[in-house]
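*Asks:* Below are the chains, spelled out letter by letter.
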Amino acid sequence: MSIRVLPGPAQAEPQPAAAPSRSARRKTKRTFGPRFSRATGSTGGSDARARSMGYYFIFPTLALFAIFIAYPLVRSALISLTRWPGFGPSTFVGLANFRAMFSDPVFRTALLNTVVFCAVTTIIQTAIPLGLAALLNARIRYSAVFRVAIFLPALMSLVVSGALWALIYEPEFGILDQFLTTIGLHGLALSWLSNTATVLPAIIVVSLWQSCGFFTLIFYAAMQDVDQSLYEAAALDGATTVQQFRHVTVPMVRTITSVVVTLNLINGLKIFDIIYVMTGGGPNHASESLSTYLYSLAFGGQVAGAIPAIGYATAIGIVILIFAVVVVIGQMFISARRRAF
Amino acid sequence: MADIALRPAQLRWAHRPPARPRLARASVYAVLTIVSACCLFPILWVVLTSLRTADSAFGRSFIPTLNQWTGIGYVHAFTQAGVGGGILNSLIVTGCTICCVLFVAVLGGYGFARFAFPARRALYLLMLSTLMVPVAAVLIPLFLELKTFHLLDSLPGLILIYTATSVPFAVVLMRGFFERTPGELADAARIDGAGEWAVFLRVMVPLVQPAILTLAVFQFLFSWNEFLLAETFLSSANKLTIQPRIYAIVGQYSTNWPLLCAALVIAMLPIVLLYVLIQRRFVAGLTAGALRG
Numbered sequence: 000m001s002i003r004v005l006p007g008p009a010q011a012e013p014q015p016a017a018a019p020s021r022s023a024r025r026k027t028k029r030t031f032g033p034r035f036s037r038a039t040g041s042t043g044g045s046d047a048r049a050r051s052m053g054y055y056f057i058f059p060t061l062a063l064f065a066i067f068i069a070y071p072l073v074r075s076a077l078i079s080l081t082r083w084p085g086f087g088p089s090t091f092v093g094l095a096n097f098r099a100m101f102s103d104p105v106f107r108t109a110l111l112n113t114v115v116f117c118a119v120t121t122i123i124q125t126a127i128p129l130g131l132a133a134l135l136n137a138r139i140r141y142s143a144v145f146r147v148a149i150f151l152p153a154l155m156s157l158v159v160s161g162a163l164w165a166l167i168y169e170p171e172f173g174i175l176d177q178f179l180t181t182i183g184l185h186g187l188a189l190s191w192l193s194n195t196a197t198v199l200p201a202i203i204v205v206s207l208w209q210s211c212g213f214f215t216l217i218f219y220a221a222m223q224d225v226d227q228s229l230y231e232a233a234a235l236d237g238a239t240t241v242q243q244f245r246h247v248t249v250p251m252v253r254t255i256t257s258v259v260v261t262l263n264l265i266n267g268l269k270i271f272d273i274i275y276v277m278t279g280g281g282p283n284h285a286s287e288s289l290s291t292y293l294y295s296l297a298f299g300g301q302v303a304g305a306i307p308a309i310g311y312a313t314a315i316g317i318v319i320l321i322f323a324v325v326v327v328i329g330q331m332f333i334s335a336r337r338r339a340f
Numbered sequence: 000m001a002d003i004a005l006r007p008a009q010l011r012w013a014h015r016p017p018a019r020p021r022l023a024r025a026s027v028y029a030v031l032t033i034v035s036a037c038c039l040f041p042i043l044w045v046v047l048t049s050l051r052t053a054d055s056a057f058g059r060s061f062i063p064t065l066n067q068w069t070g071i072g073y074v075h076a077f078t079q080a081g082v083g084g085g086i087l088n089s090l091i092v093t094g095c096t097i098c099c100v101l102f103v104a105v106l107g108g109y110g111f112a113r114f115a116f117p118a119r120r121a122l123y124l125l126m127l128s129t130l131m132v133p134v135a136a137v138l139i140p141l142f143l144e145l146k147t148f149h150l151l152d153s154l155p156g157l158i159l160i161y162t163a164t165s166v167p168f169a170v171v172l173m174r175g176f177f178e179r180t181p182g183e184l185a186d187a188a189r190i191d192g193a194g195e196w197a198v199f200l201r202v203m204v205p206l207v208q209p210a211i212l213t214l215a216v217f218q219f220l221f222s223w224n225e226f227l228l229a230e231t232f233l234s235s236a237n238k239l240t241i242q243p244r245i246y247a248i249v250g251q252y253s254t255n256w257p258l259l260c261a262a263l264v265i266a267m268l269p270i271v272l273l274y275v276l277i278q279r280r281f282v283a284g285l286t287a288g289a290l291r292g
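Those sequence lines, one after another, are chains A and B. Once you know that position 266 of the first sequence is 265 in numbering that gives the first Met the number 0, the rest is easy, because the numbers rise by one and skip nothing. Once you know that position 47 of the second sequence is 46 in numbering that gives the first Met the number 0, the rest is easy, because the numbers rise by one and skip nothing.
Okay, chain B solo, but in the shape it has when bound (with noise of 0.2 Å):
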């Protein structure tokens, strides 16, 4: 007698190859690879028309021909548009809002984890809302205290108002980090007679490194491409970060398309290269207020 049992009809299907899954397997890539193509062909059509000549652009060949390859929609960019002026000035205001919000985040952080002060749950969750606030809501009052401050269209005023809309994001990452670290390591070094001071600095903030390069990375992408908040407090020509220098062009050489393109080009490029060069961080910078907030 037969050990296996076999309907007829499984007798009919017991010889063929599974063909499903290499037709899903296709299909997984023929999928992803279109959506890569539509992702990346508007980047690299902006990059070839910054490559061409003004009036070559917007003639029918996708690929600049020989003679129509040249560099000076960059120069005209640099030249005529600013966009020098543009890059340096989004430098000044995201280095030092990386810097203002690590010290103070850090430090936030640290106080709301490890110091059960009154109150700290209150302030906390006071803290927290202010997350869903959106910006529009506080644009009007915040130009009225900037103009009082005798802070509008000035570098310092708006890394001022930087760094205050992102502390509390800020706070919430840094003060998960330290809850995550150990506390004996902080317990031994107060037993071998470190002030609280002494604890934070030498043993706690080298404990999450990461979390510190990860939030500069994270501080770095906003602070870069924020716009609303530029475009609103900065008016001087000479004192426009990148992202109002390139919504000006826009309005100015709306016909140049090289020139606009070379202008996009550079207003990107940093934040590729920042990419390019630590990849991995990038990410869990931007994956660690999604996955940890």
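For reference, chain A alone in the conformation it holds in the complex (with noise of 0.2 Å):
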């Protein structure tokens, strides 16, 4: 007996393609048709001139993007390989600017405080929140008040906080060390931001009183939303807080993590405000950054006969873009690694 196969569906005439005429398509605005995406729900219609209607949508932000960014970003690896003094012509350099930065003492004593307020920085601002947060996640009462006290210098800007803090460091008259005296500690009672070796642990800690409430409440939330059986589970098995704290919660927040690590490298790197209304860099350029070094070879030029040095300092302006580059690469390729395990 043999078997004979039917003409399937395949065979059938097939059906045109559900595309009116553009008259048509003035009354019935919405056909479906080959093009629909599932990936985001339905795309804005199906032919191509709906589909180009993004473009108008992302043209403002576009037109800003490149008028406001790409642009002066383009110019600014332009001006570096220059020498211009702001007004006239500019010379052509080459990269000799990047080369007198390493026999400029003042660009390394920058880099270095810059790559040390970075470092310390970010360790203590990531570990100190988590810890924090993992305190305030405990079943403890008025977390809230606690909450709240912990968030409010977060709300200062960096400019009041400097303000604030360089009235507590004030020798003599600032609370710091009148309280340091009071308690007959008079030798400790320094004159913080103008100690060479002080200036940076006292901004230092300007930077984590100003910024522990926001990483604190980002860790705070990530938190809340670790499943509360996994405690549980890990309880079960004998675990104690700290080892809770150790293989449950550090583990679950591990992005959130990485993404605070992130943003303290990206600040750290680029720190300007709290520097430059504590001490404007000094004492000699103990506490310069290099934004801070930055701005004072461009639009500080107030030392007598000093001609501004706009290419020089718009690579220097390179230099802080290469490292902020690198460091969010650098983070994002560990903690793709440390996922994939």
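Hints are computed from structural coordinates only; laboratory data are not their basis. Be careful, since some hints might not be right.
For lysine to any residue, the following SDA-like pairs were computed, each having C-alpha atoms within a straight-line distance of at most 25 Å [unchecked claim]:
1. B/Lys238 - A/Phe298
2. B/Lys238 - A/Gly279
3. B/Lys146 - A/Gly87
4. B/Lys146 - A/Gln242
5. B/Lys146 - A/Pro84
Remember, predicted model here, so these are calculated numbers, not experimental data.
Using the supplied hints, reconstruct the complex from the two chains, each of which is provided in its own coordinate frame.
*Replies:* Encoded structure:
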């Protein structure tokens, strides 16, 4: 007995594509055509005309991006290859600005300060908020009160925070020195912001004070999303609170931790406001950062006879950019590798 | 025979109440109290110092005595130090920036989320990469650009720069929210004959209203506290926004602590008020960036 295959639907007459004429489209504005995409719900229409409407929507965004970010970036790279006092002609000098950085002692100090500041603040501004958030996450009362109190400094701008703490650090009259003198530690009542050894730690304390609340809040929100049953399971297995923190909390907030680390690294690299307001880079460049050095080279030419070194300053800006890009890409690689496990 | 067999070592601990949780709990409270005190104390000190006479600010007493209370610091802050003008300029700049950023970012986020035009991914990634560009790297060319457009030392110029630097992050945020909205509502509207703009305005935008509010709060915080760009692009005393104004006051009135502290309190007051009023939205605004970014 033989089997015969009847013609199936594939051999039936194909239906015309559902693309009515333009006039018909005016009346029925919508067809579920072949380009229906399920990726993000339906896309705007099935025809190229509706798809290209996307360009209208993103036009302001792209225009702003092109005029105020892309073009200045390119121009920055070009200016960094010149020597230019800010007016008149500029002379092309190739990579001379970048080579000059290596022999510039102020640049070396600024670079060292920036790297130290960035590294220290990233570590303490990630670890301490993580710990605080864990404490807040424990079943304690008045957690909301503590959260508001810890978060309040984060509302201050860096200028306000810097000015505030500059008053606190004021030698003799600031409350820090007055407090130390009152409890008998007169020897410790230093001039915190005028002492090259203490100025950077003093500024780091201010940065920690100001930013702690923000990161604590982020970690707290992330920890709230952690499933309680994980903690219960760990407790059943005999884990102490500390062990629960290490083996449940920390891994579960890993993504947020890498975001916090990245934010801290970026902010540490471009630190400007706090230093500018509190010390202006002094004493004798002991608290100079790359950004404050750039600013003083380009806009701070109050030194008698000093010509703004725009090309050199822009080159420093490029260095900051390179650092930021390297840091972010490196951070992405590290967290991608860790997630692969 | 015993149903449960215990070793002698276990018996020793059988009647002991767990002492560690109580100690642990107390130490948690202690740590949090100390940290909270450290966070609040400087703010408290600034407020107290702003309310005393200039010569008593250097005194040994932390809380002013009765005859040292005065609001003269605030009066001087407004009459001599120009704090009022700074606040007004900041309000103008912040308000306009919020409007512009919301306009551009809601449009852009919707465009990136809902239209599959060619090069969409490339353009989006390009824009995303600008998030890691530090402002210092483009500060000088921006200055030159504003100079060419004659927008230096002007509030509109600053608003333009603030908008341009805030839009990438805002677009990322809005795109995320738009992607989460269901597409069926838009399809239903289209079947009913709505054009793309009507779909956008009548259907999609109201859906992401909480995101728009969140973005507005976040933008307020950023624009109000921004210093470097304002300091660089504004020079006339009457154009300064509040942060450069505070910096100028610090330099000019460095010995008049009540005035200084009054200015600091005035500068931080709007943000604190906003926080007190819409606390949940505020927190959502801040954490939205990190958690969804």
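*Asks:* Which hint numbers doesn't this structure obey?
*Replies:* 4
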